[in-house]
Structure formats: C-alpha cells, structure tokens
Amino acid sequence: DAGVIQSPRHEVTEMGQEVTLRCKPISGHDYLFWYRQTMMRGLELLIYFNNNVPIDDSGMPEDRFSAKMPNASFSTLKIQPSEPRDSAVYFCASSLVGRPRRSTEAFFGQGTRLTVV
Amino acid sequence: AQTVTQSQPEMSVQEAETVTLSCTYDTSENNYYLFWYKQPPSRQMILVIRQEAYKQQNATENRFSVNFQKAAKSFSLKISDSQLGDTAMYFCAFLRGNTPLVFGKGTRLSVIA
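Chains as they are written, first to last, in our numbering: chain A, 1 to 117; chain B, 1 to 113.
Keep in mind that the hints were calculated from the coordinates and are not lab data. Keep in mind that the hints are not guaranteed to be accurate.
What the hints assert, rightly or not - Below are the DSSO-like pairs computed for lysine-lysine, each with C-alpha atoms no more than 30 Å apart in a straight line:
| # | chain 1 | residue 1 | chain 2 | residue 2 |
| --- | --- | --- | --- | --- |
| 1 | B | K105 | B | K70 |
| 2 | B | K105 | B | K78 |
| 3 | A | K24 | A | K78 |
| 4 | B | K105 | A | K68 |
| 5 | B | K55 | B | K78 |
| 6 | B | K73 | B | K105 |
| 7 | B | K105 | A | K78 |
| 8 | A | K78 | A | K68 |
| 9 | B | K78 | A | K24 |
If we strip away everything but chain B, and leave its shape as in the complex, we get:
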C-alpha cells in the first residue's frame, strides 16, 4: 500500500518570505500523480498543484512550485512571497490510476505579518 509522510506538523514563515513543505511517499509504481491540497480555516479542500510522475519538469502555479525527486520519492512544495492568505493546513496526496487519493497527515502553515 502507498503511504505519504509529511514530517513537519507545523511551520511558520514571515510574510513575503519563502517556505518549503516536505513530503515523501512510498510506492512501487512507476506511473502516478502527486498533489498538494490546501485547507484554510473554512475547511474547504483546495487543490494547489499537481505533478504527473512521468513528467520530469517540476510543476509551477504562480507562487507555488514543487521539487519532484522521483528516485528519492520526494515531493516538496515551495511557496514564494508568502501571503497571510496562505495560512492553512497543507496536505500532500498520492494517486495511482483509479484508486483513491492517499493523504499525508498535513502540515499546518502559519504566515506571520
């Protein structure tokens, strides 16, 4: 079974600074998808970014980018120019084919003014 590990339960960052959230996963599959979801206090789960394992290029979405290291099974999220609205729980998730998403335990990020 696939597992997803987020080793940082909580992190904080100053507004306008850059922060990196870590995620590792365990799988024997070669084709899969990785995601970062954001859950603000409203508790809505919002997709931040996705990465296809067959793509070597790291995904980027505006201030959000990932560092995908397939051999190391690592998938970190970098948030640049952090904003107060980035304060949320961030979940790393793994998807293989037509099976459900497997989530990590989450990292609570606080952006400090």
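Chain A on its own, in the form it takes in the complex:
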C-alpha cells in the first residue's frame, strides 16, 4: 500500500480564497483524522470520521472550516474564506481501530503546508 496520500504538499493562497486539501487513506482503514500542526499549538485534532461518518468535529476552529468524506477512499478539508492565521501544516491520518487490544497506531500522510498571505 502507498500509505496515506495527501495533496497538495504545499499550497500558497491569498486571504479570502477557498482552499481544499485532499486525503486518500490507507485501504481498509475505517478511521480518518484531520490534524493541524502549528508551532504555538502543536498537533490539534480538527475532525475525525468512522466509516465515512463524522464523529467529532469539535476541533474545527470556525465555520470557515468544513470536512467531508464521500467514500472510504477520499476526504477533503475545505477552508472558505482562508485567513493568514490558518497557515499551518495539515495532516491526514488513518487507522484501523478495533476492539480493545486490537487497536493500532495512526498512519500519517506527509501533510500539506498551507500558507495564506
């Protein structure tokens, strides 16, 4: 398997523009997570899905952020409109979290570095 695939790897956009980040999880994984990494706040969970259903989006900072998972092999994180403070590295991760004692670690994509100018 190619691992978790994120695109683009780098994105530079102007304030006010819409930004869409994409993620393809590892085949067969039933959980998908979106994290944001900044120097100040570290790794923050934004939202996660189980079997394509959003379970917890309490980490999404504002209504400007939205995430979808239309099928088991694709997810998007959208920011509209973008602001300079959204500049960060955004990670997608997937895992196969089963019964107790069957849980596995999360596998991360290479991240998207977003710069909003």
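Add chain B to chain A, keeping to what the hints say.
What follows is chain B alone, placed relative to chain A:
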C-alpha cells in the same frame, strides 16, 4: 479528557550517546496505548514505538526502548547509540479504544556530531 505532557521542549545529545525523553499523561482509564512518533525535517510522522498498557514488559525496537511506569503515568523514550538521523521532533501520544490520538507538544532532539 486525556492530556499528554512533554516537559522538555528541546534536548541535545552527542552522537553515540544515550538520551531519554520524558512523557507523562493523565487518564482514569486502565486499558490504553502509548506511542512515540518521530517527525524529522521532512515532516513525515513516523511511528517509533508503541506500548500496550496491559503489558508490564517495556517495549523495545532496536536502539529505542521505553520505560513505562503505569502507576506514575510516565512513558519515557530512551535512544541508545544516538545517530545524526535521530535528529527530529519526538511526540508522545495516547490512545484509548476508538478515540483519536492525543499528542504532547513535542521535544526537539538534536544529535550533535
């Protein structure tokens, strides 16, 4: 809610020496998992080692080993024979059942030649 604390923002070690990174966590759960992830400058998050809380034996992976103290809620990472390629951010993480990983703030490790 679970919290993970890494009290050492930065550390350095001489090549070939041993270094220990600290991690403490707070939980009322009995069954859970702990992880150390490495993030080199390439920013890829790489799993270094994992520990199941129900196992008393400390996990080891080649030069990497942990000291898991369940009662003290402590989970330190020891890197033996440090190599230049070990230079990275190291994140301690907690996992309970089917909830997302909770990360510490990270420790930036520099291995000096």
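Pair hint B/K105 and A/K68, alpha-carbon separation not exceeding 30 Å = 27 Å, holds
Checking one constraint from the list: CA of A/K24 to CA of A/K78, max 30 Å. Satisfied? 15 Å, holds
Discussion item. Would the hint linking A/K78 and A/K68 be met if the CA-CA limit is 30 Å?
Written reply: Cα-Cα ~9 Å, so holds.
- Item | Given hint B/K105 paired with B/K73 - CA-CA distance at most 30 Å | With a Cα-Cα distance of about 17 Å, the restraint between B/K73 and B/K105 holds, given a limit of 30 Å.
For a C-alpha distance cap of 30 Å, please report whether B/K105 and B/K70 respect it. 21 Å, holds
Can the restraint linking B/K105 and A/K78 be considered satisfied, given a maximum Cα separation of 30 Å? Given pair B/K105, A/K78 holds - Cα atoms ~25 Å apart, limit 30 Å.
*Can the restraint linking B/K78 and A/K24 be considered satisfied, given a maximum Cα separation of 30 Å?*
34 Å, violated
_For B/K105 and B/K78, compute the direct alpha-carbon distance and say whether it is at most 30 Å._
18 Å, holds
- Item | B/K55 paired with B/K78 [C-alpha distance capped at 30 Å] | Roughly 18 Å separates the two Cα atoms, so the pair holds.
In summary, the one numbered hint that this structure violates is 9.
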